[in-house]
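> Sequence:
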Amino acid sequence: MPHPLSALLTRLGRFELPLLVLPGVAALALWGFVALADEILEGETGDVDRRLLLSLRNPQDLSNPLGPLWLEEMMRDVTAFGGTGPLAFITAACILYLLLRRRRRSALFLFAAIAGGQLMSTLLKAGFERPRPDLVPHGMTVYTASFPSGHAMMTAIVYLTLAALLARSESRKRLKAFLLLLAVCVTLLVGVSRVYLGVHWPSDVLGGWMIGSAWAAGCWSLVALLQRRGDVEGEPAADSDT
1 MPHPLSALLT RLGRFELPLL VLPGVAALAL WGFVALADEI LEGETGDVDR
51 RLLLSLRNPQ DLSNPLGPLW LEEMMRDVTA FGGTGPLAFI TAACILYLLL
101 RRRRRSALFL FAAIAGGQLM STLLKAGFER PRPDLVPHGM TVYTASFPSG
151 HAMMTAIVYL TLAALLARSE SRKRLKAFLL LLAVCVTLLV GVSRVYLGVH
201 WPSDVLGGWM IGSAWAAGCW SLVALLQRRG DVEGEPAADS DT
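Following this note's numbering, the numbering of the sequence shown begins with 1 at its first residue and continues without gaps.
Don't read these hints as lab results, they were simulated from the structure.
Beta carbons: idealized from backbone N, C-alpha and C, even for Gly.
Treat the hints loosely; a few may be bogus.
Unchecked claim - Pairwise CB distance ranges, derived in the manner of DEER restraints:
| id | residue 1 | residue 2 | range |
| --- | --- | --- | --- |
| 1 | Leu181 | Leu226 | 21 to 29 Å |
| 2 | Leu226 | Phe89 | 25 to 33 Å |
| 3 | Val21 | Trp70 | 36 to 44 Å |
| 4 | Thr122 | Glu39 | 21 to 29 Å |
| 5 | Ala35 | Leu71 | 26 to 34 Å |
Using the sequences and the accompanying hints, generate a full structural model.
In structure tokens form, the structure reads like this:
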């Protein structure tokens, strides 16, 4: 009769890392978002938000962010990566890529994941209705409520979900790691740019990162499970990294 611990390890070994780790990551990020939202509703984050936002501004002229003019212009370029137009274009391009590779169910899953994330972002903003920062002039035009940051949330959802799904369409580990690292970097940069431009409180961005990462981790877990069941196309055969 096999030892119980050995039997447990054998069972765990049959599952992929995403199925073991990512549901916990999603739950932890969701818990963090709920805790942060509670603090915001109680007004506990106001002092920290104000200090962090003002720390990025010239004390003599709050309309002027710290750093040279080219940095402010670059931040506007960076924040565009989280805009609705660019995200829609990138998502459509990746769906087309998957369709061209005859991965139709992966393309459908990607569309559903991104569309669901956008709907959740809209509902959360409407539910919280937090005003935008009014301490400093905004570095660009804004139209929606402040919490959670739609740019931070949707960049996490779109880029992390795309990276996870496309990584599972690749066999080479270096390409997988590159896609995931690139998605994380873009997500972080876009969030920072929103605070730098004065259009979001830092807690808005943190909340967007949390709920967006929770959604992306949940999607990654689901696609791994569906691939195991054969409902979504699985990973290709391993190629050489050389």
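> Compare the structure with each hint and give your call.
Consistency of the hints with the structure:
1. Leu181 - Leu226: 21 to 29 Å: With a Cβ separation near 25 Å, Leu181 and Leu226 satisfy 21 to 29 Å, so the hint holds.
2. Leu226 - Phe89: 25 to 33 Å: holds (26 Å)
3. Val21 - Trp70: 36 to 44 Å: holds (40 Å)
4. Thr122 - Glu39: 21 to 29 Å: At roughly 23 Å between Cβ atoms, Glu39 and Thr122 fall inside 21 to 29 Å, so the hint holds.
5. Ala35 - Leu71: 26 to 34 Å: holds (33 Å)
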